[in-house]
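J.: One-letter residues, chain by chain:
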Amino acid sequence: MKLFKLRGGVHPEGRKASSADVTIRSLPLPPQLYVPLQQHVGAPAKPVVRVGEQVLAGQLIGAGQGNISAPVHAPTSGRVVAIGDHPSPHPSGLSAATVTIAPDGEARWFESDVPADPFALAPDDIAARVGAAGIVGLGGATFPSAVKLKLSRKSGVDTLIINGGECEPYLTCDDRIMRERAVEIVTGIRLIQLAVGAQRALVGIEDNKPEALAAMRAAAAGTDVQIRAVPAMYPMGWDKQMIQVLLGREVPAEGRSADIGVLVHNVATAWAVQQTLCLGRPLVSRIVTVSGGAVAAPCNLEVPIGTPVQALFDACGGFNTTPARLVLGGPMMGHQLTHTSVPVVKGSSGVLALTQAEIGLTRPAPCIRCATCVRACPVGLLPLEMAARIRSDDLDAAVTLGLKDCIGCGSCSYVCPSSIPLVHYFNYAKSELMAQARSKLKQEATKKLADERGARMERIAREREEAAAARKAAKAAKDAAAKAASTTEVAA
Amino acid sequence: MIIPILSLAALGISLGLLLGLAARFFKVEGNPLVEELEALLPGSQCGQCGYPGCTGAAQALADGSAPVTLCPPGGRAVVVALAAKLGVDADLSGVKDAVPSIADVREELCIGCTRCYKVCPTDAILGAAKHIHAVFKEACTACGSCVEVCPTEAILLRPVPPPLQSWGWVKPGAVAAANEGVLAA
Amino acid sequence: MTPIAHSPHAHAANSVSRIMATVMLALVPATLFGFWLYGWPAVYLWAVSLLAAIVGEAAMLKFQQRAVKPALLDGSGVLTAWLLALSLPPWAPWWIAVVGSLFAVIVGKQVFGGLGQNVFNPAMAARVMLLISFPLEMTTWIPPMAQLPGMLDSLAVTFGGQQLDAISSASLLGHVKTEFSRGLDLQQALSGHYAPLQALWGQRSGSLGETSALLILLGGVFLIARSIISWHAPVAMLAGVALPALLMSLIAPDHYAGPLVHLLSGGVMLGAFFIATDPVTSPNTAAGQLVFGLGCGLLTYVIRTWGAYPEGVAFAVMLMNAATPIIDRYVKPRIYGRTRKGETLVVEPAKKDVA
Chain A
1 MKLFKLRGGV HPEGRKASSA DVTIRSLPLP PQLYVPLQQH VGAPAKPVVR VGEQVLAGQL
61 IGAGQGNISA PVHAPTSGRV VAIGDHPSPH PSGLSAATVT IAPDGEARWF ESDVPADPFA
121 LAPDDIAARV GAAGIVGLGG ATFPSAVKLK LSRKSGVDTL IINGGECEPY LTCDDRIMRE
181 RAVEIVTGIR LIQLAVGAQR ALVGIEDNKP EALAAMRAAA AGTDVQIRAV PAMYPMGWDK
241 QMIQVLLGRE VPAEGRSADI GVLVHNVATA WAVQQTLCLG RPLVSRIVTV SGGAVAAPCN
301 LEVPIGTPVQ ALFDACGGFN TTPARLVLGG PMMGHQLTHT SVPVVKGSSG VLALTQAEIG
361 LTRPAPCIRC ATCVRACPVG LLPLEMAARI RSDDLDAAVT LGLKDCIGCG SCSYVCPSSI
421 PLVHYFNYAK SELMAQARSK LKQEATKKLA DERGARMERI AREREEAAAA RKAAKAAKDA
481 AAKAASTTEV AA
Chain B
493 MIIPILSLAA LGISLGLLLG LAARFFKVEG NPLVEELEAL LPGSQCGQCG YPGCTGAAQA
553 LADGSAPVTL CPPGGRAVVV ALAAKLGVDA DLSGVKDAVP SIADVREELC IGCTRCYKVC
613 PTDAILGAAK HIHAVFKEAC TACGSCVEVC PTEAILLRPV PPPLQSWGWV KPGAVAAANE
673 GVLAA
Chain C
678 MTPIAHSPHA HAANSVSRIM ATVMLALVPA TLFGFWLYGW PAVYLWAVSL LAAIVGEAAM
738 LKFQQRAVKP ALLDGSGVLT AWLLALSLPP WAPWWIAVVG SLFAVIVGKQ VFGGLGQNVF
798 NPAMAARVML LISFPLEMTT WIPPMAQLPG MLDSLAVTFG GQQLDAISSA SLLGHVKTEF
858 SRGLDLQQAL SGHYAPLQAL WGQRSGSLGE TSALLILLGG VFLIARSIIS WHAPVAMLAG
918 VALPALLMSL IAPDHYAGPL VHLLSGGVML GAFFIATDPV TSPNTAAGQL VFGLGCGLLT
978 YVIRTWGAYP EGVAFAVMLM NAATPIIDRY VKPRIYGRTR KGETLVVEPA KKDVA
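Chains as they are written, first to last, in my numbering: chain A, 1 to 492; chain B, 493 to 677; chain C, 678 to 1032.
Hints listed in this document are in silico derivations from the structure and should not be mistaken for laboratory results.
You may find that some hints are simply not true.
As the list claims (entries may be wrong) - Taking lysine-lysine and the DSSO-like style, the derived pairs with C-alpha atoms no more than 27 Å apart in a straight line are:
1) Lys442/A / Lys622/B
2) Lys46/A / Lys442/A
3) Lys404/A / Lys442/A
4) Lys629/B / Lys519/B
5) Lys629/B / Lys404/A
6) Lys442/A / Lys519/B
7) Lys519/B / Lys447/A
8) Lys448/A / Lys629/B
9) Lys440/A / Lys519/B
Said to hold, decoys possible - Facing chain A, from chain B, some residues (calculated, C-beta under 10 Å):
10) Gly535
11) Gly539
12) Ala573
13) Thr614
14) Asp615
15) Pro655
16) Lys663
17) Pro664
Just so you know, even glycine gets a beta-carbon here, dropped at the ideal spot from N, CA and C.
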């Protein structure tokens, strides 16, 4: 099967070996689990439990709100000890609404109905169950999976692509899950295929994971799920890159992959779908890679959602040297952790403790216009030009150059010989533009309120005037009548 | 020698005449700039700029007697918009987006006098005589008008923590450039 | 509060100084050959150029109150001076090198705002300035393998202002131009002056480091292999020279030299691999670099053939430097999901029903 040509991309050092060959371990339950109510793209979930309430593993604790949202479930049985703010795994390190659960250690599961034959379910039923299980894109995008399933079915998707790219250095959670749970993943893939009515299902796996490829091929034998080796390069895990390399189709700007008949899901998402539909388990845990030069024994852990990051490092033997930087996610797109009390969430693929040598150069130098970033950009942008515009605060010019098409993959920053924080400029500009839009909305709302008030004041004043005039007129009429009467009287 | 002088003089006179005529026939009535500027201002008539409401401020901006940085509640967004409209360079260094705050009525001090309710430019205060007043946080612009009129100092502007969604990256190198002069190159 | 570090939390082993050092490494063979061919005066000239550039740049940075060390350590100033030295007549007096180097780093680069800000290639700007200001010193060549003075005598050549008349010779292009003006045709002009093999290897009169096409090509291929430069600009520039040369020599072989003569003489090879590939002053995209290189080549040929100067590489490159912003404006990569014009792609319905 022919692969299609890609452009851009970089080849960062993989650094996957230290964790790729270690079997996934289960993490013992920490003393407290901090389950954020928003672990997905869209509206945050609304808590449906109260402080002090006993919950069972898999029990709903936060209900999804609105069209794009996802519920959250208790990762284990225990007692709800707090509902309130806790540091969140957000780049800002700010706090967010979180349900804190003290596990009782019994791990009693919530009774749920398990379909006798998940393949007999109606497509809509599959989507509904996936939605109720709180499954979101586990590759890191955390978009609610059920929304994608429904949308794809509606727009008539012909191809399901399962993303086993895992192009980020260090991360091996998808690699391990494919090696160890290939049969479950293939079942999950076939269920997703059924839910969206796609004619074919392709699994793209980077060729630097031969064991995962072999395991998946063995599991897929006899099914119509096709396994494809794709070249290892970053950002292969970008869904559009995967579509391009496998199908040669291009998603229109501002569009979705469903527009060109493709649905992309991550391998771990396929596994989560299988767990829900075959075992009735909602998404309450995930595989997390713990790695980096400062970690004593890198490995992959199966972690209950809400476990503080510190517990993961502790389970891997702690640090063998003081880490220069802690990162949640991969090194290319992950973000720095300011403290280790933040919990693992559905989208956390890895926690890394990096040494300064691994991070590399950070001191920026002037741009020499070498255009290495132009060659590295998978989108076809001109990072150097956009950054120059943003540096001189000309955000509109940056938008004209395609700022909004930037996917923030960081390839440009990675290769820049001058160590210019290009993708930082772009994310700064994007947040600045959003802030401006927000402040404009607020201004318009204020203006509207002020105008309404002005109009009301005017109306009140006018009415008062009119009332006064009416009173005056009435009085005048009365006086006139009285006068007329008296005159008549006199005349009479 | 004489011919070029004459021809240039004739050219000057005729072009000048043309300009004069154009100025007369294409004269724009009133000053549309004031209205345009007013449209850019928040319109809450809070008076923090020291001018009588947003119309006064727009007038002052148009005749150049006020800097584009005059509007405290507008923040950077308004400064940028005004500077673009007036074609001047905005010095954003002094302008800070005010810490997002809202008016907060302290219930133990509120006597229900309704004065705040009457001055609020955005109808953000709900209240009736002899009843404790409340603030709609969505409508409050933290203009401070109510704080000034409250006879019992029951109203304070309380900073609200920025929500996670409005957090954004700071501009890279803002600190480093000042210290090292590297990025300034 | 320490600012939160933005991703990526990894970086390729790549830096400006590393790029500059690799380019210098690629220049070493051609430079050593020049030293061997033209003796100690060439060594002194090269050393003086580099020294003047370092001192001049440091002083300029100090004057602008900017950090001296990082700017000097990136090696860009040294590389500029090195390239300038390679384009000078090997026995030129020391002050030519000093004036040229200072002009290159100060007027050619720092005045524009330092590394990355200059519009024109600093080495070529300096070369053009020298050529216009000091035409005699800039066109006094020595024949290859001349009686080379010793290490001390050479000091007199470079620093003593010793007259070179006795040993001066013309470069091939200059010679052809002179002979044309005397009414001779090309065959007569070339006879005894042009041997393709020697030109390829580099035994000819010419600038310090421009003579050996083979060694420059070697350096260029090394840079392409190391992904420091791409092949687009050099190949386009060589084609830009060779194609019109071929065409014109076919039309009038008596009057126009063939492509080989043009490629192997003057500064075309150095220009193609080391000057037209200067990242700062050349376009960003591969397509833009093709346009740029082709323009450099064509202009070089035009200036050589019909212009007043025998050599046109420096002028051609500077003209195309000036055109770089406009090339960059019009030659842009296509953004994913959009047409070249920036509009959203339209999905062809046919593409959807692939079974």
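J.: Are the hints correct? Go through all of them and say.
T.: Hints, one by one, checked against the model:
1. Lys442/A / Lys622/B: 31 Å, violated
2. Lys46/A / Lys442/A: The given pair, whose Cα atoms are some 25 Å apart, holds under the 27 Å limit.
3. Lys404/A / Lys442/A: Given that 27 Å is the threshold and the Cα spacing comes to 23 Å, the pair holds.
4. Lys629/B / Lys519/B: 47 Å, violated
5. Lys629/B / Lys404/A: 32 Å, violated
6. Lys442/A / Lys519/B: 37 Å, violated
7. Lys519/B / Lys447/A: 31 Å, violated
8. Lys448/A / Lys629/B: Holds, at roughly 16 Å.
9. Lys440/A / Lys519/B: 33 Å, violated
10. Gly535: Hint on Gly535/B: holds, closest Cβ of chain A at ~4 Å, below 10 Å.
11. Gly539: Violated, about 12 Å.
12. Ala573: 9 Å, holds
13. Thr614: 4 Å, holds
14. Asp615: 5 Å, holds
15. Pro655: At about 8 Å, which falls below the 10 Å cut-off, the nearest Cβ of chain A leaves the hint on Pro655/B intact, so it holds.
16. Lys663: Interface hint status for Lys663/B: holds (5 Å vs cutoff 10 Å).
17. Pro664: With Cβ-Cβ at 4 Å, under 10 Å, it holds.
The earlier numbered hints that this structure contradicts are 1, 4, 5, 6, 7, 9 and 11.
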